[in-house]
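2 protein chains.
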Amino acid sequence: MSVKHFKLEPGKKFRLATIDPNDTGAIRDREEVDAAVERLKEQLEALQNKLYAEKKQSVLFVIQGMDCSGKDGVVKHALGGLHPQGFRVNSFRAPTEEEAAHDFLWRAHQIAPAKGMIGAFIRSYYEDVLITRVHHWIDGAEVKSRFKHINRFEKLLESGGVKIVKIFLHISKDFQLAKLRNRLTDPTKHWKFDKSDLVERESWAQYEEAYESVFKHCSSETAPWYIVPANHRWYRDWAVLQIAVAALESMNLAFPESDPELAEILEKLQE
Amino acid sequence: MSVKHFKLEPGKKFRLATIDPNDTGAIRDREEVDAAVERLKEQLEALQNKLYAEKKQSVLFVIQGMDCSGKDGVVKHALGGLHPQGFRVNSFRAPTEEEAAHDFLWRAHQIAPAKGMIGAFIRSYYEDVLITRVHHWIDGAEVKSRFKHINRFEKLLESGGVKIVKIFLHISKDFQLAKLRNRLTDPTKHWKFDKSDLVERESWAQYEEAYESVFKHCSSETAPWYIVPANHRWYRDWAVLQIAVAALESMNLAFPESDPELAEILEKLQE
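Protein chains in written order, with my numbering: chain E, 25 to 295; chain Y, 25 to 295.
All clues stand as given, with none of them false.
Identical copies look the same in the list; a pair holds intra-copy or inter-copy alike.
Mimicking PhoX-like on lysine-lysine, the simulated pairs with C-alpha atoms at most 25 angstroms apart in a straight line are:
no., residue 1, residue 2
1, 197, 213
2, 219, 79
3, 80, 179
4, 74, 100
5, 79, 216
6, 65, 100
7, 100, 139
8, 100, 187
9, 31, 179
10, 216, 74
Just so you know, the hints here were simulated from the structure itself, not pulled from any lab data.
Note that this is a predicted model, so its numbers are computed, not measured.
When you get a sec, could you build the whole thing from the sequences and use the hints?
Below, the structure is given as structure tokens:
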């Protein structure tokens, strides 16, 4: 299965309901992809090494999804093999007072990945056209305006060498319920439970609509959205690894040119 | 072998020459610790989970050592299993113009780990009493003054719940030579070669002295230095994992108290 399977065509109208969160393609179970996952991890680490050595480009994974969709988990299980020195994860929470005192892209810009680095945003500036929209904190004109700002912002990042990979983890409402129950019953997971998740859950349909609108207005050939069925965590990890490897492969990464003096230095060192 | 084996007694005079960088204790080869390493990684990840959930304390690994001592490698191979969301690595390079316009601890303070987080400094504010001292950029009085500032700074971090774990990776001069040659012969490692490493190498003895002085003046019961023989990478990783696990175990980490309302919420969810 190729990465195209998960990629949304930019600008095309798309309904989340057309994709089954339980989907695992032609694959029956975890065991079938175990070996492929290990291989993909190795490929990704090798590509990261080149990215880090080259220091001309960077990668930004934007990870979105409903509560309990496995955003934290995918960072650990699909991307957790990356060298920690070259990988930086940021979780977007409610903005601080200082962040709120700036435009909505200010805080994202500050933590954009530097050349050589891979960044992952768990939630992102897209929340500013999702939760804000669902709760009518901003009106339709502001939403439209923010879509434009986001598109221009992503172009700016790209101009600085950032490859943007946007991933939506697609779960079902039932699956979320099971996960919430699990957080409530397992004492080692109580801390993960947030009452506000129950409030957001009531707006499930509105969130789906808001996401569909994002997919329609904020996709481009260079920074498309990928929709990853995520009820099965192993399938989610395998899909995201494939998307990640394909993204880095498309960047034509290369080790930097060697200094011609190196041979001479080596000779002296051997004396 | 316990962690005490690697720990320096605060305030005691200590000579690096008394420790063999090739030392592997009573262990003959990698295979002998393979299973232990896997177990330690699992323990460390479980402890990190509690640290992250508790959000009251944090951990800072300060990783120092000569060029080629394996500072980057230990972050990948010993600490690479940590959840990337709760682990942040910072490499200290020559200060930027803005950093140099402040006191020498300013930049370290800005990136001190937040509650719940594990930070690793690859090199650190200790460079400000190492390279600066070896090259006589600062005089003896300034060195002494900086030792005091560092000790007070570490106390301040501790007061904010930071557990500081300082690790010196101990290699031999011959081992460094072999590594430098390797960087010069392997085209995929050319980018790691830095001519300035050869300059610093000439001051090997002065660096050892500068380190010994650091160990003497900047160790405390709560933030001691650990000296890890690092010519054998597998031994280095095993030792650092042991030190890391022991450090987190000493913090009495606990999941936060559950909200008594949770049972009620669960009941409603099940209706």
